[in-house]
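As given, the protein sequences belong to chains L and Y, one line each in that order.
Quick note, the first sequence lines up with residues 74 to 316 if you use our numbering.
Quick note, the second sequence lines up with residues 125 to 651 if you use our numbering.
A portion of the hints provided could be inaccurate.
Here are some of the chain Y residues that sit facing chain L, going by a computed Cβ distance under 7 Å [to be verified]: (1) Pro152; (2) Leu418; (3) Lys508.
Pairs of lysine-lysine residues, derived as DSS-like cross-links and limited to a Cα-Cα distance of at most 30 Å, are as follows [claimed, not checked]: (4) Lys89(L) - Lys131(L); (5) Lys419(Y) - Lys306(Y); (6) Lys212(L) - Lys419(Y); (7) Lys212(L) - Lys306(Y); (8) Lys502(Y) - Lys246(L); (9) Lys246(L) - Lys271(L); (10) Lys280(L) - Lys502(Y); (11) Lys155(Y) - Lys89(L); (12) Lys185(Y) - Lys466(Y); (13) Lys155(Y) - Lys280(L); (14) Lys306(Y) - Lys134(Y); (15) Lys89(L) - Lys466(Y); (16) Lys155(Y) - Lys85(L); (17) Lys502(Y) - Lys212(L); (18) Lys85(L) - Lys502(Y); (19) Lys240(L) - Lys138(Y); (20) Lys246(L) - Lys212(L); (21) Lys589(Y) - Lys247(L); (22) Lys502(Y) - Lys131(L); (23) Lys89(L) - Lys575(Y); (24) Lys85(L) - Lys589(Y); (25) Lys85(L) - Lys545(Y); (26) Lys589(Y) - Lys155(Y); (27) Lys502(Y) - Lys89(L); (28) Lys138(Y) - Lys85(L); (29) Lys280(L) - Lys89(L); (30) Lys131(L) - Lys575(Y).
In short, the hints are calculated from the structure, not lab data.
Ideal placement from N, C-alpha and C gives every residue a C-beta, glycine not left out.
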Amino acid sequence: MLTTEHLTKHYKGTEKGITDISLTVGSGEICAFIGHNGAGKTTLLKCISGIHGYDSGKVTVNGIDMASDPIGCKRSIAYIPDDPQLYEYLTGIQYLDFIADIFGVSSADRSLRVREYADAFELTPSLGDLISGYSHGMKQKLAVISALIHEPQLLILDEPFVGLDPKAASVLKKLMRSVAERGGAVFFSTHVLEVAEKLCDKVAMIKQGRLLASGSMSDILGGGSLEDVFMEALDDKTDDNAH
Amino acid sequence: MIKQMITLTKTELKSLYGINILRHTSDPSLKSRGRMLAVNAGALILFACLYIGAQTAAMIKFGAAEAVPVMFTAVISLLIFFLSAFKAGNIIFRSSDKDIISALPVAPLSVVVSRYIRLYAECAVLSAAANITWFIIYSANEGVTASGLLSAFASVLFLPLIPLSLASAFGTVITGISSRIKRRGLAEALLTLAFAIAAMLALSGLGFKAESLSVDEISALFETVSEKITQLLPLLKLLCGGFAGGSIAGTLAFVLISVAAAALTSLLASAFFTQIVTAANGSSADNDYRLEQLKSTSAENALFRREIRRYLSSGTYISNTIIGLVMMVILSGAAGAADFGKITAQIPVRINITGALPFFIGIMMTGPSPVSISLEGKNWWIIKSLPVTSRQILDAKLRFDLALKAPFYAVSELVMLFTVKAGVCDRLWLIAVPAVMGVFSGIFGLAANLKFPKLTWDTEVSVVKQSASSGIGMLVPMLSGIVLGSVSLFIPERYTPLSTPLMLMLMLLITAALYRSNIRHDMRDLS
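If we strip away everything but chain Y, and leave its shape as in the complex, we get:
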């Protein structure tokens, strides 16, 4: 069985990020796309390390060095958990190679272990880079001990195991339940979202009231949060004891528990593997269709309806693209509940929260457009062979992107209009800015997908979570919102009626230029 696991794991890792395709392709454009992707991934890791490094240095400066290990191991664990929870079930119970795997003399446990290792490999690099970064800065300040080094080693290698195991267990339960429901995609998305929101609410116990924030209390605050984290995630206490020169027994216990959790999850998933994969791939055929008069509609409507049906067919597509919009509604409620007057009074620098708020709300207006072309996958030949223009194809995708955002935008706006205390002009920006940012992110997403299409894939997860277009299509609109919001934060309120429309105009001009460029794209070039 070990040999089976090694062979299957090798195959899994070869398909990771399309590495094997890039190694063996002779297509120069594919190779250059791969190089660009590698540079982007490298830049992302570097950016994450710089950010973590700066955060670690800041915590040490505020006298909260002791809280560093707990804070960062907790943040990294939670990130791994949330990033994996949306894909674990789809990777472990992947159906694209079901027929090949079923025909081979391999045990379900071997298949599950190989896929679990794939999930581990996907987050190991970023997790290791982040752990090494904070540990270097932390130990430069606090000194290096043997137990600290052992704990750091354990963090780098074993920290992802527990969050990954939890995510895989949730994935198994969600895929197991949804595989028995007729509208599988929708059921899977709703269950995943419900679980994500529940997890977020459970973690909200770690929060603290912003009104109580003061510079002098920061050190004490970190300690309090650190204590709360270890209460909620007691295993981190075992690992982090080693950093403070504690016993290595705790670190070893953490490693053992992590490996045991991985083994247990793999056993659980393998026990239900055949059942779930069979149920998830079964289709009910009524075989009693009676043909009646068919109705016609325009080509544009037909393309739009097809987008809706494509979306509703995939739990991965729904859950990964709707979470930002759900967060927008939650953030709007939080903004309504917050007292901006109190917050600004406690910050030494004068800031304009009301001016920046529309941009920070708008950054959540990301939709499905960055992956909507890639998800055509093997069906792309259909669109390419039909007498439809690039504009018709892209308009249908944009229309769907905006239609999906519309109800969340409406709820979010209603909540803010009734709760946020702001003048008439600021209320107008609260309506206009997120709307413009929604259109911008929709059109930018399509541009990113046209630039980085990924039409060959074995699982939707590799498009929705790991493709260049999904990353760029989400990050760039988000960073644009963060930059504009941060600038607005420091623009005095009396200038907001001038600065905000100027920023909006700039965004609209870029959006219009991107739209023109998109619709001129020759779809035959995408392969």
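So here's chain L without its partners, still in its complex pose:
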């Protein structure tokens, strides 16, 4: 579903960015993307979702090359940033309608999906209010509903559990699993290693813009915990750099 090959992106005038990232997330898989603050997680997610351009390498979503057909690629993707800055001058339902119109979701389908997801997140009564009056968690829930409204094949989320109450976090985990179960893929960044370990089939680790490890959760863990493996990988790399 998602393939990146030797993906490199550096911000102008800085060394910040990502270098030579190659990874794959297949249909039916949920992949966690972990790394320290400033490691390049958000940069990679933005490159994959077509928000950022990149210097070299290749991004393929569902067999479509992002560079040659960005619009075709984006039709299969839904992206949710870590701090969803939504159109505060719209009401919740106007925002969902806007996203559904852009993706060409039919009237019947959108009504059905909005009802299902908004009820699950207990957001239905607030859909008529302006987004400017929403709390961070409510905006996060609305962003998730807007991402799911067009049934994306690839769901990309940046720190999706930040700001969500425990019930909403549980609903989101179930929805992520249902995307994978209907043949889609989920790629998300997180600092909550316990969630990643329990929820994900795959894991990718990044440090200072470079991929440390990537593979199936069982292969990467090898009997240990994700926290131990991650800390060990960070230390190893630090030692390598020191030597």
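Let chain L serve as the given structure and place chain Y on it in line with the hints.
Relative to chain L, chain Y alone:
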């Protein structure tokens, strides 16, 4: 409290024109954009100084040297007033950092004073440059006196205070009222516009009938206008007395009154600060939405509707982009009322007012497009992540720009068609030229915004009034209209059926080329 004011003022001034970002960024494109902006600002100040210098020299040549101080201090004061009136309320009661400021142990007066000083700093450079320019030329001709120097010093430093205080007081009242109304943006825009039109009507008392203009009467005319100005703005009499070798007491009184006005306005705004900021940021949540069958529309319509909602949500956006269109309707009425035959008969050079009129009307056809991309701000990621082409995005913005202009254009055309005396061909140009100029300014505005995007901002005012794209997007179409209109003014009437369509064709070709270039722009490059 003084320490608080100094600290807050320092922070305010650092955010001015993105100076701090430019100082600390390592992004070369941002730095080069900053340099270009500085060059443009420098060129604008230089251009303004040259213009004022030429005007001062012309007034002295016509024997109206005595009227120079009153005329220029009045013009500068009015400019500061009108430019600040559209933004003062939004700057003083800014909400973007409300949570940070509310959590700090600072008094509202400190916050208001720091923001007032920011407003002062925004107009001080241009005001000082303009005042120094006319004073140098004036004193080279009239001689320098101690009282004149003191008055010049007072003009440079204190002239902005009274217009700024008036603008801030109006801003406080308008923001205070609109913060209590549900459709806040629209209410704020309507109140600002109503107030601007009322101020313009009040100042129209300074006008004189163009028909009475003759070269010999120019000197006397300046004196009359100068007297009218001091009647309407008596404080200027105190300041300007010093230039004519009068007592310095008047100048000192002006300085005292100016400082008192600034202090009083700050006290007034600080007294209502918490109330207004809280009301302006409150949102009513009904929390009783019942989901019904949702309706679908095309992506293009969805983008267009979103543009409308974005526009109507912001008083700053509305009031600053609609004023030109309102002026166009007023100008059309004035053109209909004027007797072009009488005017041309009194001017020694033969001019073609009917040929030039469509271009001068067309220069007012500026809309929201030059800032429509920048105003996406932190929401820009949404558009970038959606499966929409650059063309769809820009077409929606252009469509809205034209839809906003359309009713004003229609009213303006109707007024002129019934009032302006012109032949069939000239009437056709009256319809076609403003329409083409409207499309040109819409597309040029988008091109300017694509070239100079400003997606990181703390208040809409910094985009709508101070960004490079808003300046260039407004000035270039306006200058194009002035140049074409001025050329048309001196083209004999019999050649107008040839010259005007040629100019229109040229403008259409440039517009088409700009449109093609715009829609090929990769939106991912904008950050």
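Right, here's what the structure says about each hint:
no.: 1; hint: Pro152; result: holds (5 Å)
no.: 2; hint: Leu418; result: holds (5 Å)
no.: 3; hint: Lys508; result: holds (5 Å)
no.: 4; hint: Lys89(L) - Lys131(L); result: holds (19 Å)
no.: 5; hint: Lys419(Y) - Lys306(Y); result: holds (26 Å)
no.: 6; hint: Lys212(L) - Lys419(Y); result: holds (23 Å)
no.: 7; hint: Lys212(L) - Lys306(Y); result: holds (22 Å)
no.: 8; hint: Lys502(Y) - Lys246(L); result: holds (27 Å)
no.: 9; hint: Lys246(L) - Lys271(L); result: holds (10 Å)
no.: 10; hint: Lys280(L) - Lys502(Y); result: holds (27 Å)
no.: 11; hint: Lys155(Y) - Lys89(L); result: holds (18 Å)
no.: 12; hint: Lys185(Y) - Lys466(Y); result: holds (26 Å)
no.: 13; hint: Lys155(Y) - Lys280(L); result: holds (29 Å)
no.: 14; hint: Lys306(Y) - Lys134(Y); result: violated (35 Å)
no.: 15; hint: Lys89(L) - Lys466(Y); result: violated (69 Å)
no.: 16; hint: Lys155(Y) - Lys85(L); result: holds (11 Å)
no.: 17; hint: Lys502(Y) - Lys212(L); result: holds (14 Å)
no.: 18; hint: Lys85(L) - Lys502(Y); result: holds (20 Å)
no.: 19; hint: Lys240(L) - Lys138(Y); result: violated (43 Å)
no.: 20; hint: Lys246(L) - Lys212(L); result: holds (17 Å)
no.: 21; hint: Lys589(Y) - Lys247(L); result: violated (48 Å)
no.: 22; hint: Lys502(Y) - Lys131(L); result: holds (27 Å)
no.: 23; hint: Lys89(L) - Lys575(Y); result: holds (25 Å)
no.: 24; hint: Lys85(L) - Lys589(Y); result: holds (28 Å)
no.: 25; hint: Lys85(L) - Lys545(Y); result: violated (59 Å)
no.: 26; hint: Lys589(Y) - Lys155(Y); result: holds (21 Å)
no.: 27; hint: Lys502(Y) - Lys89(L); result: holds (21 Å)
no.: 28; hint: Lys138(Y) - Lys85(L); result: holds (24 Å)
no.: 29; hint: Lys280(L) - Lys89(L); result: holds (11 Å)
no.: 30; hint: Lys131(L) - Lys575(Y); result: holds (28 Å)
Of the numbered hints stated above, those contradicted by the structure are hints 14, 15, 19, 21 and 25, listed in ascending order.
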